[in-house]
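Enquirer: Below are the chains, spelled out letter by letter.
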Amino acid sequence: MFRRRPEARPAPRDRLVDVYVAGAVVRVPEGASAAAAVLLSGAPAIRTTPVSGAPRLPYCMIGICFDCLAEIDGVANRQACLVPVAPGMRIEPQQGPRAARPHHNAPEAA
Amino acid sequence: MSYDLAIVGAGPAGMAAAIEATALGLSVTVLDEQAAPGGQVFRAVESASGDPALAGEFLDAGGALTASFRGVTTIAYRPSSTLWHLAPDTGALSVKAGGASSELAARRVLLATGAQERPVPIPGWTLPGVMSAGAAQILLKTAGAVPQGAVVIAGQGPLCWLLAVQLLRAGVGPLTLLETGAGGALWDAFRAGGLWTGRRLLGKGVALVREAKRRGLQVVRGVRDLRAEGDAHVQAVHWHGGSLPCDTLLLHEGVIPSTHITRALGLDHDWDARQLCWRPRLDPWGATSHPNVAVAGDGGGIGGWEAAVASGRLAAIDAAHRLGKLDAAARDARAAAPRISLRSALSLRPFLDRLYAPAPTVLAPADDTIVCRCEEITGGQIREAARLGATGPNQVKAFLRAGMGPCQGRMCGTVVAGLIAEIRGASMEEVGALRPRAPFKPMTVGELAREPQDAAA
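Line by line, the protein sequences are chains A and B. The first sequence begins at 378 in the working numbering and counts up by one. The second sequence begins at 42 in the working numbering and counts up by one.
Just so you know, these hints were derived from the structure itself, not from any lab. Built from N, CA and C at the ideal position, the CB exists for glycine as well. Wrong hints could be hidden among the right ones.
[To be verified] One side only, chain B facing chain A, incomplete, derived with CB under 8 Å:
1. Asp-92
2. Gly-170
3. Pro-188
4. His-274
5. Gln-276
Work out the full structure, taking the sequences as your base and the hints as a guide.
Expert: What follows is the structure, given as structure tokens:
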């Protein structure tokens, strides 16, 4: 788990953004990525793999490894390390393989 | 939109090339996947400027270069833009940005796409809590964030020491460096020479090592057989003869050119047997085997940011010559200064390349180690496919799906080839490399279909 350092962004650069990681609010510096928000949230995983269901967290943070794939504001499989945070952004971990949905706009089965 | 020169990447090479090419009268666009200029080495330097942990070259040199780039307002800079296709014969570039795709045209294309960290396939490297050393540095640069609890850096290379200093300044601890270099590397390195010409760079390195030790870095040397262990998160790191509990394990075995796009274009590459990586074949100006495409910076061979700046300028000067803005004599005169700085920046490379020579084991992980992180394919499965007759990584992809996942082989490609070479007793040149195809990054059908004006509406 990662922690913020308030001294890293002294005023007037100390702007923070509230986002949601798996429904929980996390306060992150403006300009940080959605992947950074996940690591700051302490979430145990950003996804579980489609093959074995193993948990993963971001590995490279530069857009190479694709381990940070997450559902961001309703769009699945986004590279969270390449998406800057925005106020109110919703970052949802992806669980295993995606289920086929019978209708394009049908809500996810419970 | 049409330009004389399209530059892909806004790191040191891309920024320096854009400044130089604009000064020589070319119309220039710069595409970059990130939201702000700097590349990875100077990532987020504008917003991180108040962080005492990052004081030094990052803030000084990175801040100055980024400010110069921002100062040239005639450069058409496109942040948060990903190149997903390039047709080098016609100069058509397909770019996704803001949820839509658009096309640009350029008479010449300069790929300044930089480096990636060498993948370090050890048992347990897919566990949460294990990441690359560079990833921790990106978190520090972009969010001022540091790992909590016990932190271990394992591997070798200048970045290990720089990161250790920055993390210790930022209050991380306890921090341990497990150095994997081979015994005797230092003497081999001294024989490479270049120490006098490279004394300024060498001094920088010595100062880093001193500061790291003064700040309490624990160092274990000669480490091999690393493995990460834990249930759903890393809890300990083990090596031959030792182990340590840890909450975060940061792996690093140097950086290698990012060849995804140069490979997709089918350009000529050479195997670098000392650095165990592929590099695109370049002339002294950075020109590739395609007449319209050049490469500058670490994407053409690892040299660091000062070499990247010089090679970016040289590629821009060559572009101006090829596009009729400079005759050969003016080109050569203009190139004199960057050639001198390139030579100076590379003077210490023979020493560093020997001191931090990657162990051959980085291409020969154990049978039970995951090599392809996306499809969870192990070293043993790849060896078995090679025994069954797979002659190269493209065949192994068909056998096992290794390299077929979302990273498109960026992480596993070279290791897969190394394992095939081992089993078949073949050279890396004979085994070959994965042939990536467009789109260079996965994209949605919506991004493909949507015109930029739809996205804006």
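Enquirer: Of all the hints numbered above, which does this structure not satisfy? Sort the numbers upward.
Expert: 5
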